[in-house]
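Undergrad: Residues per chain are reported as follows:
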Amino acid sequence: EAQVTQNPRYLITVTGKKLTVTCSQNMNHEYMSWYRQDPGLGLRQIYYSMNVEVTDKGDVPEGYKVSRKEKRNFPLILESPSPNQTSLYFCASGPGYEQYFGPGTRLTVT
Amino acid sequence: QKEVEQNSGPLSVPEGAIASLNCTYSDRGSQSFFWYRQYSGKSPELIMSIYSNGDKEDGRFTAQLNKASQYVSLLIRDSQPSDSATYLCAGSRGGKLIFGQGTELSVKP
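Line by line, the protein sequences give chains A and B. The opening position of the first sequence corresponds to residue 75 in my numbering, with each subsequent residue numbered one higher. The opening position of the second sequence corresponds to residue 4 in my numbering, with each subsequent residue numbered one higher.
No farther apart than 35 Å at their CA atoms in a straight line, the calculated lysine-lysine pairs in the DSBU-like style are these: (1) A/K139 / B/K5; (2) A/K91 / B/K5; (3) A/K139 / B/K45; (4) B/K45 / A/K92; (5) B/K5 / A/K143; (6) B/K99 / A/K91; (7) B/K5 / A/K145; (8) B/K59 / A/K145; (9) A/K143 / B/K99; (10) B/K45 / A/K145; (11) B/K99 / A/K131; (12) A/K131 / B/K45; (13) A/K145 / B/K70; (14) A/K143 / B/K45; (15) A/K91 / B/K45; (16) B/K99 / A/K145; (17) A/K139 / B/K99; (18) B/K5 / A/K92; (19) A/K131 / B/K70; (20) B/K59 / A/K131; (21) A/K131 / B/K5.
Derived from the structure by calculation, the hints contain no laboratory data.
With these hints in hand, go ahead and build the complete structure from the sequences.
TA: Right, dumping it as structure tokens:
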């Protein structure tokens, strides 16, 4: 089944404790991206990658890191999470801008 | 001014009517546009993409793009209660994908 998977789906953590949210796609897509969705602010792009070893900042990259060492994987790293990073996170992939979204990761930072 | 703007709604239409969802964008460099549907508690899913001026039809959905006026619209014909969702407009700029805040659509039986 063609899909984008994210793990974990739910995560509660404390301020400053490094975490990684994994994202994997099995559709051989070039473009992968991370978004956060917050009430009243909509869906905002954090980082995107148009190919292996190529990553670029989206509109809200502060406090996040990504890497694209393999085509299928695009992990999101929060080195020192803060409460303002509490949000719903989506990973997406696509042959271009037409994105297919993962199921989401709900992150709470206390 | 937000780069991609939508009325947040809610937009309420009766079953069988045409629902019209609108989106404007500020950056003339935006080249391609997309409509996503998001049911409550679910991920966004792509329903339409449009790259050039004019209309693009797919079943009950028609996307319209007017680059001179910088607006994109989505028409849903014969609206069904199952169309009730939030509709997200997105535009590409450089490598980025910029989303509007979404319009909540409610189709009443």
